[in-house]
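*Asks:* Sequence:
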Amino acid sequence: MATIVFIKARQFFESYGNQTLEADINLSNESFHRAAVSSDASTDVHEALELRDGGKDYLGKGVSKAVSNVQDIIRPALVGRDLTDQCGIDKCMVETLDGTQNEWGRCKQKLGANAILVVSLAVCKAGAGTHITQGCKSCFPLCRG
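Numbering (the UniProt record's numbering), first residue to last: 1 to 145.
Bear in mind the hints are in silico, worked out from the structure with no lab data behind them.
Nothing false has been slipped in among the hints.
Cut-off 25 Å, straight-line C-alpha distance, at most; resulting in silico cross-link-like pairs (SDA-like, lysine to any residue): (1) LYS56 - GLU14; (2) LYS56 - ASN18; (3) LYS65 - ARG34; (4) LYS91 - ARG34; (5) LYS110 - SER68.
Build out the structure end to end from the sequences listed, making use of the hints.
*Replies:* Structure representation (structure tokens):
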């Protein structure tokens, strides 16, 4: 099975004019996959926390810190992993690398829910794409458990 070789994140403007994240994943089978997430307009206290830069740039809504977290923390931990281990990859990002919690559960405050989600979505798309290109017509299990 293909493994993760490289992950790159970038910020871009989404349809509301806010900065958000996009991630590219390169695999050992030389395929390339991309995913993007929209910025979160909701502010419910029970939701995971999107990481924003604050400050003057982009009215404080830049996501360069989240991009750095993907490149500097998430990427080194995931390179070499089997991309079909969606549960293991998500658990690694949420529990091992981030580990933040509040009274409602895991809040993803350290890395940012936006950084974790964009990588998780890119891994999911890469796993499904690899599964399909191998000629498999059956369902791709995201999590065995």
